[in-house]
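Q: Residue strings, one per chain:
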Amino acid sequence: MRLPEFTRTTTFRWALVVSGAFALCILLMFGFVFWRAAAYMTDRVDRGITEEANLVVADPPERRLDAIEDRLRQDPRRVKLEGLFGPDGRRIAGNLESPPRGLVADAAPQSVSAVRVDALGRERQTARAVARRMPTGNLLVVARNVDEVSEIAGIVTDALVLGLIPALALGLAAGAFLSRRAQTRIDEVNRKVRRIVAGDLRERLPTMGIDDPFDRLAASVNGMLDEIEALVQSIAGVGDDIAHDLRTPLTRVRVGLERARQNAHTLDDLRAAVDQAIVGLDQSLALVTALLRIAEIEQSRRLAGFSEVALADVVREVGDLYEPIAEDKRIAFKVATDTNTTVRGDRDLLFEAIANLVDNAVKFTPQGGRIELAVVGSGSESVVRVGDSGPGISAAEHDLVLRRFYRSDKSRGSPGLGLGLCLVTAIVKLHGFQLTIRPGPGFVAEIACQRAYA
Amino acid sequence: MARVLLIEDDGETASEIMAELVDRGFAVDWAATGIDGLDKARSGGADAMIVDRLLPGMDGLTIIEALRHEHVRTPVLVLSALGAIDDRVRGLRMGGDDYLTKPFAIVELIARVEALLRRPAESRETILRVGPLQLDLLGRTATRGNRAIDLLPREFRLLEYMVRRKDQLLTRAMLFEEVWNYKFVPQSNLVDVHMGRLRRKVDRPDEPPMIHNVRGEGFILRAPA
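Chain order of the listed sequences is A and B. Just so we're aligned: 331 in our numbering is position 331 of the first sequence, and the numbers increase by one with no gaps anywhere. Just so we're aligned: 49 in our numbering is position 49 of the second sequence, and the numbers increase by one with no gaps anywhere.
Incorrect hints may appear among the rest.
Simulated pairs of lysine-lysine, DSSO-like, Cα-Cα distance not exceeding 30 Å [unchecked claim]:
1) K102(B) - K201(B)
2) K40(B) - K329(A)
3) K363(A) - K102(B)
4) K429(A) - K363(A)
5) K201(B) - K363(A)
6) K201(B) - K334(A)
7) K363(A) - K329(A)
None of these hints come from the bench; they were simulated from the model.
When you get a sec, could you build the whole thing from the sequences and use the hints?
A: In structure tokens, the structure reads:
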């Protein structure tokens, strides 16, 4: 026979084990209670019969028979058993048919099976009994029915059955319920995961809105799925963009070469066309190189090459590199480095990121404009800020400019791949820093770098 | 005639490179596999080597490492289709002398091979001279004839590099890598702007020019004729 699914879960097995242990404890407890109660009662009976036997022995022989009959008469519960037997075993007085078998005279009380005879008839009873040998040779037996003890045993057993079975049933039911509930959620999660694996990345794991471990797990898995979905979407978008941005210059190259082949009359015409083609190819190659480089930085997980980098030095070097080109454009280029903080990072990559921001600033700032490159320390982080007096971008474009290939309408006329800021983002992300585009005037980009601690 | 050993598995690329090298007056040996290349390199005779990074069954760097282990000091230019950030560093650390990422302009390749063949010897000279131009490396001063040239530190670095490699074509990428020590390609015409500054200081309008711009290729420093 096949057991239902829920019985095979860990939860249910644990419920089973715990219920078993619980039942065992109850059994032990009840057993102990019964054992103590029975011992107590037996002890009391034993003392009672011993005392009575002593009294009878102490009675004067002539009163002995009356005393026995008197006591037996005063026994409404019919628990007292007594008998005086002659040396030959013949009954002289009392309600015992014969001396119980196995009863030793003048010894401690013991359990016996005795036969009671009275007006109501003959009845075999379990009893504790003590026997005394009289000086006359007669045998006195005093006993007391102890069926009460087995009655108590019955009561205890009843209580056990009444209490234990429902408790066990309850435990198993709770186990089954919990197990089935967990099973249901896991089945649901499995279903969802199968759909996600099948390609439906918008699917999410169910949460119940309560703060239990299962919900927390589902929430982190959902967070992971959000990230994966965003990545997959961005990759898909990038694929389209690459196709478009590569096709454009390649198409131009192809058309140019085709026309030159048909129309060129002199070697110089042909050379000019070839030069044009090389420019177009270089553009496509630069695009591929830039994309590979971004992908490489984004995938780079090796932070082993990181070292302490003095931010001010890097910023000064970038300033040194770009100062002449800004001057040629009659742009006021101010470099401010008033802190000497160090951060943990890759010096070359940080240089490249800052250089890219300055490169953009130089490109988009009109003649007579102004560029500020500064590193400022505030609290536990240093901020590298590049601001210019160029046209800036609208607030709506703040996120877009960080994407691959996005080029603001204002930049359409100028050369570039639309990958610069994307490269900066990749480098900044690799370092665990933050890149923020601040509201203008002009374009202001900030890289917030956490300071290095030894 | 300088002999160049080319270890490159792609026949078409190899024949283009060989044709260009022969045009420029080099004698070229070609090996299409790593084993063959290693044999030819061991037998000596090459003044410089061009080694592709990815060869069938063997990493180009392994060849260089093996040669360096055997104390073969022939200068090597490593070619690679891998543009990894640290790939270049690794290539140079393994004993390569220069590193060029595919695809490259053929003039870039030639300029680098020439540079390898004419690497300036380590000298203890503290005064460098090209024609009337004189650099004092200790005082960090420059003069042309009797005229002192006032240079910024970055301009002095650039001029020193060019003086040490006089009469050689220096491409923008070479200058950027060697003088500024950066491995990325700037989007703006940075090198041209810096070179323009230096040129205005070195070559006055009334003096015969020493810094020459080779259109589309790079720059050369030459003593005036």
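Q: Could you run down the list of hints and mark each one as holding or not?
A: Verification of the supplied hints:
1. K102(B) - K201(B): Given that 30 Å is the threshold and the Cα spacing comes to 36 Å, the pair is violated.
2. K40(B) - K329(A): Distance of about 53 Å is beyond 30 Å: violated.
3. K363(A) - K102(B): holds (28 Å)
4. K429(A) - K363(A): holds (24 Å)
5. K201(B) - K363(A): Roughly 26 Å between the alpha carbons, so the hint for K201(B) and K363(A) holds.
6. K201(B) - K334(A): With Cα atoms ~24 Å apart, K201(B) and K334(A) stay inside 30 Å; holds.
7. K363(A) - K329(A): holds (10 Å)
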